Amino acid sequence: MIDGSQILVTAGIVLAFALNGAVIFTILDVKGASWMQRRPGPLHVGLRGFIFPLAEIIKFFQKEDITPTNVDAPVFKWAPAYVLASVFGLFVVVPISPTLVGSDLDLGVFYLLAISSLSTLGVLTAGWSSANKYSLMGGIRAAGQLIAYELPLILAVVGVVIQAETMSLVGIVEKQIEFGLPFALSGQGLAFLIFMIAATAEMMRVPFDMPIGESELVSGFLTEYSGVRFLIFYIAEYMNMFVLCAVASTLFLGGYHVPLLPPEWVNFYGPVVLITKTVLLGFILVLVRWSFPRFREDQLQNLAWKVLIPLSLLNILITSIMKVVF
Amino acid sequence: MEALDIISYFLLLGLLLVSVKVVTTSNVIHAAISLVFTLAITAATFLLLSAEFVALVIVLVYIGAVIVLFLFGIMITRAPLGQNAELDNDKNKSLALVVSLSIFVIFSYVMFNTFDSQIIVTTGTSTELLGEILLSRFVFPFEVVSFVLLAALIGGITLARQDNALVDENQI
Numbered sequence: 001m002i003d004g005s006q007i008l009v010t011a012g013i014v015l016a017f018a019l020n021g022a023v024i025f026t027i028l029d030v031k032g033a034s035w036m037q038r039r040p041g042p043l044h045v046g047l048r049g050f051i052f053p054l055a056e057i058i059k060f061f062q063k064e065d066i067t068p069t070n071v072d073a074p075v076f077k078w079a080p081a082y083v084l085a086s087v088f089g090l091f092v093v094v095p096i097s098p099t100l101v102g103s104d105l106d107l108g109v110f111y112l113l114a115i116s117s118l119s120t121l122g123v124l125t126a127g128w129s130s131a132n133k134y135s136l137m138g139g140i141r142a143a144g145q146l147i148a149y150e151l152p153l154i155l156a157v158v159g160v161v162i163q164a165e166t167m168s169l170v171g172i173v174e175k176q177i178e179f180g181l182p183f184a185l186s187g188q189g190l191a192f193l194i195f196m197i198a199a200t201a202e203m204m205r206v207p208f209d210m211p212i213g214e215s216e217l218v219s220g221f222l223t224e225y226s227g228v229r230f231l232i233f234y235i236a237e238y239m240n241m242f243v244l245c246a247v248a249s250t251l252f253l254g255g256y257h258v259p260l261l262p263p264e265w266v267n268f269y270g271p272v273v274l275i276t277k278t279v280l281l282g283f284i285l286v287l288v289r290w291s292f293p294r295f296r297e298d299q300l301q302n303l304a305w306k307v308l309i310p311l312s313l314l315n316i317l318i319t320s321i322m323k324v325v326f
Numbered sequence: 001m002e003a004l005d006i007i008s009y010f011l012l013l014g015l016l017l018v019s020v021k022v023v024t025t026s027n028v029i030h031a032a033i034s035l036v037f038t039l040a041i042t043a044a045t046f047l048l049l050s051a052e053f054v055a056l057v058i059v060l061v062y063i064g065a066v067i068v069l070f071l072f073g074i075m076i077t078r079a080p081l082g083q084n085a086e087l088d089n090d091k092n093k094s095l096a097l098v099v100s101l102s103i104f105v106i107f108s109y110v111m112f113n114t115f116d117s118q119i120i121v122t123t124g125t126s127t128e129l130l131g132e133i134l135l136s137r138f139v140f141p142f143e144v145v146s147f148v149l150l151a152a153l154i155g156g157i158t159l160a161r162q163d164n165a166l167v168d169e170n171q172i
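Keeping their order, the protein sequence lines are chains A and B. Just so it is clear: in the first sequence, position 139 is 139 by our numbering, and no numbers are missing. Just so it is clear: in the second sequence, position 133 is 133 by our numbering, and no numbers are missing.
Calculated directly from the structure, the hints in this document are not laboratory data. Keep in mind it's a predicted model, so treat the numbers as computed, not measured. A few of these clues could be false.
Stated by the list, open to error - Only pairs whose alpha carbons sit at most 30 Å apart, straight line, appear in this in silico DSSO-like list of lysine-lysine: (1) B:Lys21 to B:Lys91; (2) A:Lys63 to A:Lys175; (3) A:Lys77 to B:Lys91; (4) A:Lys77 to A:Lys59; (5) B:Lys93 to B:Lys21; (6) B:Lys21 to A:Lys133.
Sequences are here, hints too, so could you generate the full structure?
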């Protein structure tokens, strides 16, 4: 029942997918920022700056890992682990091709939503254990935001599940192939929009970065972290961004499938197609990041509770009616 | 099944350790984090019993929502770092002992009475089947539960809004 080699293979897929995703999105973010703002980005390390993430990682390993005197040491030290575990857990069910998937669970979508809620725990404990009022405020803001935006995220996905009649991610992609159109273009456009907005808030990226808010809260719950532990939060943030974009392209944009290519070759072009879609979504996130100012805390909560949640409930209603009618 | 047996014994031992830690620690946040591990190990036990849905519900509802709200509440109000002497309550120790012992006895009695020593082999439950049963055979309890939850939701909102009504508009 428990197959050791299968577990190793899954772990290998997850690690390769997650770490490469983090590197791709770090480069995308920094190069995109320099392109959007007309400023020179990283240009000097390696191939016109394209291997700078490596230099960045080595830099963080050289830094001292400081544990301030007054912090609650065990809680403080283990907080990054929850975030990392949650993000790695997400990669397990994302299908890179019909067969190249960590584990194609029947409850794939449900698993994704359950595991993604764990990262809140890491952020909250990090904020509290730092013994710093800015960290605590950052942690509480982060938790409030993550709780508020988890609901539209879940409710938006419910529409897709109703339309696809399955919770397996491979099954959802197969349904879109069968139907001929990705769900974003066939009834779930609103859900796609809600999902992307809520996902941006879950990533705590601009315009939803109050928890970090450099100019108000120094760095929020990250203030007291340094060295490797900061690096873990930093990488987890990019991995989270990558995996949420990959999930969005799987649920709404047809995942590893692209029309006109022969279906029997999907194992060859599947990964390329999925990563292209993911990077395109990531590019939109970069455009948003440099185009919008930061929300105010009350505006953020209003957007979640008064706009996104009612809209996603409406989407569920419409999808169910359409499902019964057709 | 040897490997699974060993894994489940380790899990149960871990469950015992962390759940004792929940009640013995004198720091609220440490107790909450130990509770997270207690629930995580419970979820893992359900996974070993091939009840995937229950395991994921525990993760989503208890760890993802209830504990996070606990932590949120503790942090918004008062959460001193380090030990908190107020949490130790020596007066009720004997009462707690009686209550937990009686729960233990009742549960073991029920378990032994129902299952005796028969071994039940489960093949796992399909979520489809679960959904169908919930919406056909158990549809009435299901609706009742949703009604109770709705009432609780409305009650919560009413309680939260009451302060607003009492505040005089001119004072603001």
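A quick look at each hint next to the structure:
For the hint pairing Lys21 (chain B) with Lys91 (chain B), the CA-to-CA distance comes to about 19 Å; that is within 30 Å, so the pair holds. For the suggested pair Lys63 (chain A) and Lys175 (chain A), the alpha carbons sit about 49 Å apart, so the restraint of at most 30 Å is broken. Distance restraint check for Lys77 (chain A) and Lys91 (chain B): the Cα-Cα separation of roughly 35 Å exceeds the 30 Å cut-off, and the hinted pair is therefore not satisfied. Distance hint between Lys77 (chain A) and Lys59 (chain A) is fulfilled; the C-alpha atoms sit about 20 Å from each other, no more than 30 Å.
With a CA separation close to 16 Å, the supplied pair Lys93 (chain B) and Lys21 (chain B) stays within the 30 Å bound. With a C-alpha separation of about 28 Å, the suggested pairing of Lys21 (chain B) with Lys133 (chain A) holds against the 30 Å cut-off.
In summary, the numbered hints that this structure violates are 2, 3.
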